[in-house]
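A.B. asks: Given the sequences, and given the hints that come with them, work out the whole structure.
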Amino acid sequence: DQQVKQNSPSLSVQEGRISILNCDYTNSMFDYFLWYKKYPAEGPTFLISISSIKDKNEDGRFTVFLNKSAKHLSLHIVPSQPGDSAVYFCAASGNTDKLIFGTGTRLQVFP
Amino acid sequence: DTGVSQDPRHKITKRGQNVTFRCDPISEHNRLYWYRQTLGQGPEFLTYFQNEAQLEKSRLLSDRFSAERPKGSFSTLEIQRTEQGDSAMYLCASSLTNWDTQYFGPGTRLTVL
Numbered sequence: 001d002q003q004v005k006q007n008s009p010s011l012s013v014q015e016g017r018i019s020i021l022n023c024d025y026t027n028s029m030f031d032y033f034l035w036y037k038k039y040p041a042e043g044p045t046f047l048i049s050i051s052s053i054k055d056k057n058e059d060g061r062f063t064v065f066l067n068k069s070a071k072h073l074s075l076h077i078v079p080s081q082p083g084d085s086a087v088y089f090c091a092a093s094g095n096t097d098k099l100i101f102g103t104g105t106r107l108q109v110f111p
Numbered sequence: 001d002t003g004v005s006q007d008p009r010h011k012i013t014k015r016g017q018n019v020t021f022r023c024d025p026i027s028e029h030n031r032l033y034w035y036r037q038t039l040g041q042g043p044e045f046l047t048y049f050q051n052e053a054q055l056e057k058s059r060l061l062s063d064r065f066s067a068e069r070p071k072g073s074f075s076t077l078e079i080q081r082t083e084q085g086d087s088a089m090y091l092c093a094s095s096l097t098n099w100d101t102q103y104f105g106p107g108t109r110l111t112v113l
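The listed protein sequences correspond, in order, to chains D and H.
Counted from 1, the first sequence has number 33 at position 33 by our numbering; the numbering is strictly sequential.
Counted from 1, the second sequence has number 113 at position 113 by our numbering; the numbering is strictly sequential.
Hints are computed from structural coordinates only; laboratory data are not their basis.
Hints should not be assumed to be uniformly reliable.
Stretch-level coverage of chain D by chain H, calculated; a stretch enters the list once three of its residues show a Cβ under 8 Å from a Cβ in chain H [as the list claims (entries may be wrong)]:
1) 10-21
2) 37-46
Within a straight-line C-alpha distance of at most 30 Å, the following computed DSSO-like cross-link-like pairs (lysine-lysine) qualify [said to hold, decoys possible]:
3) 56/D to 68/D
4) 57/H to 71/D
5) 57/H to 71/H
6) 57/H to 14/H
7) 54/D to 98/D
8) 54/D to 71/D
9) 11/H to 98/D
10) 5/D to 68/D
11) 71/D to 5/D
12) 11/H to 68/D
13) 68/D to 98/D
14) 57/H to 11/H
15) 71/H to 98/D
16) 5/D to 57/H
17) 98/D to 5/D
18) 71/D to 98/D
19) 98/D to 57/H
20) 68/D to 54/D
What follows is a set of in silico ranges between Cβ atoms, one per label pair, in the way DEER data are often shown [claimed, not checked]:
21) 57/H to 14/D: 15 to 23 Å
22) 18/H to 14/D: 28 to 36 Å
23) 14/D to 74/H: 17 to 25 Å
24) 31/D to 51/H: 19 to 27 Å
25) 53/H to 94/D: 17 to 25 Å
26) 68/D to 113/H: 22 to 30 Å
27) 16/D to 101/H: 23 to 31 Å
28) 111/H to 26/D: 27 to 35 Å
29) 108/D to 111/H: 21 to 29 Å
30) 42/D to 85/H: 20 to 28 Å
31) 1/D to 50/H: 25 to 33 Å
32) 72/H to 95/D: 18 to 26 Å
33) 16/D to 51/H: 44 to 52 Å
Glycine is no exception: its CB is placed at the ideal position from the N, C-alpha and C atoms.
C.D. replies: Quick look at the structure:
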């Protein structure tokens, strides 16, 4: 039972363009959502989060959008840079603070 | 103090052996979490601590797994009688308190031969 889903295993974007990574969830009890970036042989690095009382949160080049009615969130990276190439994980938490992760999307930003 | 540290970074062991991993959280972080990540999957929750108290354990944590945080600072995760299915990246994270952002360490990659 995959409660957090990232249906695109990979995404390729040209440098300078927008990257949009998507995430869907099924558990309506989730009220806090996060995005992590992971490089090979390293642990996940926190990027940005959003609580269910908001529908948008922005931090520099990164913006997360939450659509509660659709149980969908997305991460926008503008402009994309080669250093953004990594695996991106969506995560959610609800009545406990343990995180439930998606399976990840591998982003490749090419020149 | 720059972040969560884990030791060792890599461990290769033979099936049936016991292994122990250590995690040092960010200083003053009360919460400490263990996750496991296998190839092609996201991290999966194993257990977490509030100071020295273990608050929740996943069904993934069989009786061969035990975790401790004896003084509310570092934590250890022991796997007894390792099996090939235990091969994974074991990740530790910490947060200042509940509902705060969890910061992850670099992980310990376990290979069971």
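A.B. asks: Work down the list of hints and note, for each, if the structure agrees.
C.D. replies: These are the hints, each one checked on the structure:
Restraint check on the region 10-21 of chain D versus chain H: 0 residues with Cβ-Cβ distances below 8 Å, three needed, restraint violated. A count of 6 residues in the region 37-46 of chain D with a Cβ less than 8 Å from any Cβ of chain H is obtained; the coverage claim is therefore met, three being the minimum. Restraint check: the Cα-Cα separation between residue 56/D and residue 68/D comes to about 11 Å, which is no more than 30 Å; the hinted pair holds. Under the criterion of a C-alpha separation no larger than 30 Å, the hint pairing residue 57/H with residue 71/D is consistent with the structure, at around 27 Å.
Annotation: proposed proximity of residue 57/H to residue 71/H holds, straight-line Cα distance about 19 Å (limit 30 Å). For the hint pairing residue 57/H with residue 14/H, the CA-to-CA distance comes to about 26 Å; that is within 30 Å, so the pair holds. For a cut-off of 30 Å, the pair hint linking residue 54/D to residue 98/D stands: about 21 Å separates their Cα positions. Taking the CA atoms of residue 54/D and residue 71/D, the gap is near 13 Å; set against the 30 Å cutoff, the hint holds.
Proximity of residue 11/H to residue 98/D is assessed by CA-CA distance (about 26 Å); at most 30 Å being required, the pair is judged to hold. Distance hint between residue 5/D and residue 68/D is fulfilled; the C-alpha atoms sit about 15 Å from each other, no more than 30 Å. Proposed proximity of residue 71/D and residue 5/D is supported: the alpha carbons are some 11 Å apart, at most 30 Å. At roughly 42 Å between alpha-carbon atoms, residue 11/H and residue 68/D are farther apart than 30 Å, so this suggested pair is violated.
Restraint check for residue 68/D and residue 98/D: satisfied, since their Cα atoms lie roughly 20 Å apart, inside the 30 Å limit. A hinted pair counts as satisfied when its Cα atoms are at most 30 Å apart, and residue 57/H with residue 11/H qualifies at roughly 23 Å. Under the criterion of a C-alpha separation no larger than 30 Å, the hint pairing residue 71/H with residue 98/D is consistent with the structure, at around 21 Å. Simply put, residue 5/D and residue 57/H have alpha-carbon atoms about 23 Å apart, close enough for the 30 Å limit, and the pair holds.
Note on residue 98/D and residue 5/D: the hinted pairing holds, with a Cα-Cα distance of about 17 Å set against a maximum of 30 Å. Only pairs whose Cα atoms come within 30 Å are accepted, and residue 71/D paired with residue 98/D is accepted, the gap being roughly 19 Å. With a C-alpha separation of about 10 Å, the suggested pairing of residue 98/D with residue 57/H holds against the 30 Å cut-off. Taking the CA atoms of residue 68/D and residue 54/D, the gap is about 9 Å. The hint holds against a cut of 30 Å.
Between residue 57/H and residue 14/D the Cβ separation comes to about 45 Å, which falls outside the hinted range of 15 to 23 Å. Taking the beta carbon of each, residue 18/H and residue 14/D are about 50 Å apart, not inside 28 to 36 Å as hinted. The hinted window of 17 to 25 Å between residue 14/D and residue 74/H is violated, with their beta carbons roughly 44 Å apart. Taking 19 to 27 Å as the suggested C-beta distance range, the pair residue 31/D and residue 51/H conforms, at roughly 25 Å.
For residue 53/H and residue 94/D, the hinted distance range of 17 to 25 Å is satisfied, since their beta carbons lie about 21 Å from each other. Taken as a hint, the range 22 to 30 Å is violated for the pair residue 68/D and residue 113/H, whose Cβ atoms sit roughly 47 Å apart. Separation of residue 16/D from residue 101/H is about 29 Å and conforms to the stated range, judged on CB atoms against 23 to 31 Å. At about 33 Å, the CB distance of residue 111/H to residue 26/D agrees with the hint of 27 to 35 Å.
Taking the beta carbon of each, residue 108/D and residue 111/H are about 27 Å apart, inside 21 to 29 Å as hinted. Checked against the hint of 20 to 28 Å, the pair residue 42/D and residue 85/H passes, with Cβ atoms roughly 24 Å apart. Between residue 1/D and residue 50/H the beta carbon distance is about 27 Å. The supplied range of 25 to 33 Å therefore holds. Take residue 72/H and residue 95/D: their Cβ atoms lie about 24 Å apart, and the range 18 to 26 Å holds.
The hinted range of 44 to 52 Å is satisfied by residue 16/D and residue 51/H, whose Cβ atoms lie roughly 47 Å apart.
Figure legend: structure checked against the earlier numbered hints; hints not met, in rising order: 1, 12, 21, 22, 23 and 26.
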